[in-house]
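**Student:** So you can see what is in the structure, the chains are spelled out below.
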Amino acid sequence: MSKLNILTKGFFKENPSLILVLGTCPTLAVTTSVNNALGMGAATTFVLLMSNILISMLKNVIPDKIRIPCFIVIIATFVSMIDLIIQGFLPALSASLGVFIPLIVVNCIVLGRAEAFASKNLVFDSLLDGLGMGIGFTISLVLIAAVREVLGAGSFMGFTFIPSHYNMLLFVLAPGAFIVYGFVMAAVRQILNNVEAKRKARQANA
Amino acid sequence: MNKLLNVSGSPHVHSGESVQKIMVSVIVALMPALVVSIFYFGLPVIVLTLVSVGCCVLFEYLIQRFIMKVPTTISDGSAVVTGLLLAFNVPANLPIWMMVVGALVAIGIAKMPFGGLGHNLFNPALVARVFMLISFPVAMTTWPVPTPIWGFADAVTGPTPLGILKESAAVNMGEMPRYLDLLVGQMGGSFGEISAIALLLGAAYLLWKRVITWHIPVAFILTVFIFSGIFYLIDPTQYANPFFHLLTGGLMLGAFFMATDMVTSPTTPSAMLVFGAGCGLITIIIRLFGAYPEGVSFSILLMNAMVPLLNRWFKPKTYAK
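So the protein lines, in turn, are chains A and B. Position one of the first sequence corresponds to residue 711 (this note's numbering), numbered consecutively onward. Position one of the second sequence corresponds to residue 2 (this note's numbering), numbered consecutively onward.
No lab work stands behind these hints: they were computed from the structure. Any given hint might turn out to be false.
[Unchecked claim] In silico DSS-like pairs for lysine-lysine, Cα to Cα no more than 25 Å straight-line: (1) 70(B) x 910(A); (2) 908(A) x 70(B); (3) 719(A) x 910(A); (4) 719(A) x 830(A).
[To be verified] Incomplete in silico selection of chain B near chain A, CB under 7 Å: (5) 132; (6) 135; (7) 136.
A virtual CB, placed ideally from N, CA and C, is assigned to each residue, including glycine.
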C-alpha cells in the first residue's frame, strides 16, 4: 500500500463513521451544528494522530496481554490535553461539546486504529493512518451536521439564512440524527459504488 | 393442452383479493369521516387532502422511477391510503408546505427506504405525523374550532378536549363538549379524527369486507376504557370519564385505521390482542401522565417496533409436532 493510499483510504473508502460504522456516539450527538462537528473532528484527529504515533513507537515495549489498558492510558493522556486546551482557548466550543470531548477516550475509532493499525505498522505509516482517519471522521461529521443544521436550524456554521418559521426541529433532535446518519451513509456508499463500478468498467475497456 | 400439464404449488384457490381491492375498501371506509370534516372545516380540508394524497403518490413515483429504478407500484393505492391517513392526522389550518414535507417524510423516510409496501416497519402516515408534531409543534397543535359549513367563524382556533384536560389540574366537565358533540364530531382536533360515528361507520364497512379483524381495535379500545376507568374510579375529580377518553383524540381513527395496517401489525389473533392492548396501555399512560395530551400515534409506533417480536412469540405451533 502506497503512503498516499494509507492517508486517503480513511477519507471515504474506509471512512470510520460512514463505512466502518465506528464512533457512532459522537457522530449522532455532536452533529447538531457544523461548528460543533468541526471542533469534534479536529479534537479527534489530534488524539488519533498523537496516539497512533506514540503507540506505534511503543509497540515493541507494550506487553501483548495488557495492550488494551496501555492503549487507553496513552489515548486518555492526549484526550486530557486536548480537553484542557479547548477549555482554555475555546470556552464556547467546550461548553457546547461538553462531555463528548472527555468521551473521545472511549471512541472506538481511536482504539480501533491503535489495535488494527498502529500496533502493527511503522511510525510514519501510523501517522498517515491517524491523520487520514481523523480527516475522514471530520468529513462525515461535517456532512451530517450540514444537513441537520440547514434543515433543523436554518443556518450554516451559525449563519442563519432560513426564517425560523421554516425550521424542522426534529433534525436537531436525536431522531433527526439517526435519520440523517442513515441517509448520508446510504448516499456516500451509493456514490462510492458508482465510482468503483465506473473504475472497473474503464479497466475492462482498457 | 399445455394448461393440463401446468403444475403449481399451493394455494390453488384464490380469493380474488388484491392489494388494490383492499386499498380501495380502506379509501371507501375513510370517506364518511372526510365528509364530516369537510362539513365542519370546509375548503381547507379538501385542499390539504388533495395535496397530501397527490404528494404521496408523486413522491412514491419519483423515488421508484429515479432513485430505486424499479417498476412503480403507485397503482396499488397504498400511497393514496397513506396520504389520506396523513391528512386526517393534521389540523385543518396547517400550512400547505408542511403537508408536502409530511408526505415526503411518510414516503421518503418511513416507506421507501425499507423497500416499499410490505416492508415498512412503521406506519408511514404515523411516522410523518409524529415528525410534523415534533418539528412544527405550534402549527400542529393550533386547532381551528369546528363550525358547520354555513358558519362564518373560520379564523377562530381553540383547544382540543384532551388539551383542556391536560391544561387544567382538575377535570372541569363544564368546559367540555357534550358527548353528542364528540360523537358527531363537533370538537377541536385533527380533521379526520373528530367524528366517532363516521369513523365507526367506516370501521364497520372494513370489518364487513374482512379487511380488518376485530382483535386489534377491540383490545386497543377496551384497554383504554379499563385503565381510564380504574383511574376514574380512584378519583373522578382528577381523571376524566372513560367514555370521554374513548371519544376524544385520535383513538377511533388510530384503533380502526392505523393500528390495523396489515404491514405493521402482527399476523396471528393472539399477537394482535397483545398488540392492541399494548397500544391502549401506552396511549392511556401518555394521556394521563405524559407531556403530550394525546398518545395514540406514539403508542402505535412503539408497538409497531414490537411486531417482529410478537410475531415470533406467538408463532403458531406446527401441526402434529
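**Student:** Take the hints in turn and mark each one as holding or not.
**Tutor:** Quick rundown of the hints versus the structure:
As the CA atoms of residue 70(B) and residue 910(A) are separated by approximately 22 Å, the hinted pair is consistent with the 25 Å bound. The hinted pair formed by residue 908(A) and residue 70(B) meets the criterion: a straight-line CA distance of about 18 Å does not exceed 25 Å. Taking the CA atoms of residue 719(A) and residue 910(A), the gap is near 18 Å; set against the 25 Å cutoff, the hint holds. The hinted pair formed by residue 719(A) and residue 830(A) meets the criterion: a straight-line CA distance of about 17 Å does not exceed 25 Å.
Of the supplied interface hints, the one on residue 132(B) holds, with its beta-carbon coming within about 6 Å of a beta-carbon of chain A, less than 7 Å. Look at residue 135(B): its Cβ gets to within about 5 Å of chain A, closer than 7 Å, so that hint holds up. Annotation: residue 136(B) was flagged as interfacial toward chain A, and the flag holds, the nearest CB pair being 4 Å apart, inside 7 Å.
In summary, this structure violates none of the numbered hints.
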